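**Q** Chain residues, written in single-letter form:
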Amino acid sequence: MIKNKKVHIAKLFWKITFKNKAVYILTFIVGILLAYAVFSGWENFKTQKEIRIKYQEQARQDWLDNPDKHPHRMAHYGHYAFRPKTPLSVFDFGMESFLGSSIFLEAHVQNPTNFSEAEFSTGMLRFGEISIAMILQILLPLLIFFLGFQSIASERENGTLKILMSQGLSRKELLEGKSLGMILVMSTLYFPIIIITVFLWALLQEVNISTDQVYRLLLIVVMYFVYLSVFCIISVIISALSKTSKTALTSSIGVWLLLTILLPRAGQSLGSYLYQSPSKAKFNAQIENDVVKTGDSHNPDDTHYQALKDSILEVYDVDSVTQLPFNYSGLVMKEGEKITAEIHNDHLKRLRGIYARQNSFSRYLAFIDPYMGIKNLSMALTGTDYNSFMDFQDQAEQYRYHLAQSLNDLQIKHVSNSAKSSADPDYALDKKHWGMIEDFKYQPLQIGMALRSELISFLSLLFWVLLLVLTLNRLSKTIKIL
Amino acid sequence: MKLLFINFIRSNSVEIGLSFIVLAGIISLLVGKQHIEKINRSIDETARYQQEHIERHAEYNKDDLGLMLYYIKFSLVNSTPALNALSIGQRDVNPSVKSVTIRTLEAQKYDSDLNNPYNLFIGNIDFSFVLIFLFPLLIISFTYNIISEEKESGIWKIIAVQSKNPLGFVLKSFGVRLLVTIGTLLFLYAITVPILGIAPDTTFLTFFLVSVLYILVWFAICFFVASLQKSSNFNAIILLSIWILLVFVLPAAINNDLQSRYPIPEALETTVKQRRGYHEKWDMDKELTMDKFYAHYPQFKKFTLPEGDFSWLWYYAMQQMGDDETSEQSTALREKLGQRNTAASWIAQFIPTLHLQLSLNDIAKSGLDNQLHFLDETGRFHERLRLYFYPKIFSEAAVASENWDDFKVEVFSDETPINRTRLYTPLLIFIVLFGTLGWFIFKRKVHLL
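Protein sequences appear in the order of chains A and B.
Residues 71 to 552 (my numbering) are what the first sequence spells out, left to right.
Residues 4 to 452 (my numbering) are what the second sequence spells out, left to right.
Please keep in mind that the hints were generated in silico from the structure rather than gathered at the bench.
Because the structure is a prediction, the values reported are computed rather than measured.
Incorrect hints may appear among the rest.
Looking from chain A toward chain B, a few residues come up when the C-beta cut is under 8 Å (computed) [as the list claims (entries may be wrong)]:
#1 E187
#2 Y456
#3 N457
#4 D461
Every residue, glycine too, gets a C-beta built ideally from N, C-alpha and C.
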């Protein structure tokens with residue numbers, strides 16, 4: 071019986087909402103936007119994917135086409151790593167536009183990740199991009215507020231609330247019924263939309279969809295449902311707390327602005343204000359200084375390399391490096407590569423530490439602002455977040471190191487000590503070696519890793535559900551009927 | 004009028020709205036200040052480290068100028084006008100300093116800055132954000148219930164009876180709110196001068212004027228919506244929807260469209276091709292490379308290739324080929340970016356929010372246009388360095404013969420003039436359009452007033 075009343079209220083609310091013609095107009099507009107988001111997202115994904123695959127293959131072909139030459143020439147020839155776009159980026163562009171797409175991988179140098187979309191954009195990019203995620207994260211909550219602000223406040227204004235109560239409806243039933251009704255209304259809009267987009271997305275895929283992607287998608291569908299339900303309940307609570315439907319509307323709009331526009335920027339600004347990150351010049355100079363301190367192969371008088379030379383001469387019992395049974399300058403470069411890579415990675419780790427502290431505000435903000443929770447979680451699930459990007463950078467750096475050291479090993483083994491320069495054709499190495507070094511292939515993070523990095527965001531959304539249920543409970547004791 | 008003013012300003016929600024926007028404005032100025040400080044720090048550090056870096060390599064490679072110039076980088080700074088603090092634009096993404104060696108330019112021209120992408124992604128609360136996003140909300144909250152509120156509370160009948168000219172009352176109500184809004188804007192601009200140390204010159208005035216016009220656009224829109232004489236709730240929803248359309252939906256949709264209409268495969272093409280252009284020369288007949296090099300720079304024909312496997316003349320000629328053989332792709336890339344920029348400014352004329360953002364970026368030298376000019380100048384800077392050092396390397400000049408202290412960081416200042424007609428006209432058209440539209444609807448519906 072009790073359950074029936076609640077369900078009855080919910081059904082009634084659903085019916086009334088869909089009697090309003092404005093709902094159809096708003097839903098229609100959102101529908102058009104979604105269709106546009108799917109197709110422009112797909113278009114962009116396809117173009118970018120093709121471009122990157124084409125040049126990744128081109129870069130490899132160029133590498134293989136090299137004739138016999140000195141291995142160190144190949145170490146400078148290097149390779150490129152082009153960041154592949156994840157198929158799920160069609161849903162959520164995430165940070166894609168602000169992340170570089172290509173790294174040149176060569177010996178001695180850790181090059182920056184270049185060519186982000188933002189570097190070639192006008193100021194327009196700052197208004198954001200239309201993606202399915204953006205519509206679900208920003209526009210749908212507002213639509214929910216528009217549909218929900220009257221739920222209780224207008225019944226109070228009309229005096230119908232008094233009648234309902236006198237007929238034996240409890241406050242708890244009222245609040246829960248209205249919340250349920252709101253969630254029902256939202257589901258009627260959300261599920262068809264999301265099912266169609268998932269279906270369209272699957273249709274557009276030219277390759278098989280992996281199980282990893284299926285899990286990701288499922289989780290996306292569920293978590294967005296949780297997120298939107300949070301907004302449904304918030305809208306009922308605001309309506310219950312407002313004297314008139316006008317104050318309910320203005321407060322809802324205020325809350326929406328705060329959560330989606332102001333808090334995210336304020337949190338990140340505070341983070342970057344408190345934790346200063348170094349300039350590129352300083353970062354590079356610090357690395358250079360550390361290299362000089364540890365051992366600088368460019369310095370003819372460097373003590374580290376002097377010691378290395380002395381010890382090797384002693385072990386092999388020879389007077390000069392030219393008498394060694396292996397290529398000495400290859401060995402020096404191998405040692406140099408090891409030192410600079412270690413120092414660079416060390417500094418990079420510290421830099422990322424600063425960035426992580428800057429971003430921690432945005433991360434923990436999710437407990438105040440569910441928008442940040444879903445934003446971070448959604449990016450992680452679609453592989454468009456900073457973690458996925460760092461993973462790409464790390465894999466590229468590992469490949470670079472492996473490439474440089476493999477070529478140093480070839481030089482140590484095959485090149486004579488009497489070779490004066492890498493231009494000397496007499497000491498060229500057979501080109502068959504180039505194909506033996508495998509191509510760079512990025513392995514995307516698995517869903518488990520993605521979730522682990524966004525555990526906080528995941529928990530924050532659950533926290534919100536709990537918080538709102540508790541608030542509803544408390545409110546059912548204190549809410550004013552008149 | 005005076006009563007209207009007092010009545011308006013004493014309202015609780017107005018006080019909240021005003022203090023909120025002033026707070027946001029002050030925060031935005033601090034954000035801008037931090038942005039400028041960050042750039043200046045970066046420039047100072049670049050200058051200091053460039054000095055140390057050159058000194059160190061002059062020491063290590065004291066017998067080999069060619070080898071020294073293989074390593075050392077020279078920096079060019081994109082000068083940052085103080086106004087940049089008000090409209091950060093793309094200056095947080097794009098580096099304000101470019102450091103290059105005299106080797107292949109295409110391999111280093113687009114090197115990105117060191118940034119936390121999350122900061123770029125979330126976006127800045129700079130003054131242009133407060134102006135473009137938040138001021139319209141203030142205006143909407145001030146005006147969405149003009150007349151409708153009076154009608155809903157029943158006061159309107161009294162006003163209509165007492166006042167001979169109800170439309171005049173409406174205009175005065177709008178006037179009061181306009182004055183308060185402009186006053187707030189003026190206040191924020193006034194504190195900008197001491198906080199950011201911006202000189203109140205004509206550029207600053209232009210910046211201010213275009214902001215005022217933008218605010219007038221929003222008042223005109225609100226005036227138009229009020230003329231429809233619907234309920235307060237209806238007005239609020241419609242105005243907010245217009246706001247969302249103008250600050251989210253339209254700019255974002257156009258951005259998506261521009262990205263897919265002007266994809267830039269040329270960027271990756273150039274970068275992959277320059278590698279081959281340079282490296283394949285190692286395996287070719289030296290004469291082939293030298294012929295091409297001499298054809299580009301006939302003035303260096305007097306330097307002939309020395310005996311032996313390796314020489315710096317040959318080396319830098321090979322490096323030069325990395326650029327020469329990608330000039331077609333590089334030009335295509337530059338053209339594509341120019342097209343993106345032109346298409347964006349053209350379409351922005353029809354969308355006031357977009358127009359204002361792009362215009363403010365142009366005035367503050369923080370847009371794509373400025374970035375492209377800076378890249379062009381980086382090319383010229385690089386060429387100057389080459390022309391200066393090439394003959395010295397080829398004639399094997401001594402490292403010590405150069406006064407390395409003279410190689411300071413150079414500064415590029417973008418002096419592209421602002422087209423004021425293009426700046427003001429679109430906004431004026433919007434003001435006149437919505438203003439007169441509202442006026443006529445009010446006149447027609449005057450019996451409802």
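**Q** Of the numbered hints stated earlier in the document, which are not met by this structure?
**A** As far as the earlier hints go, 3 and 4 are violated by this structure, in ascending order.
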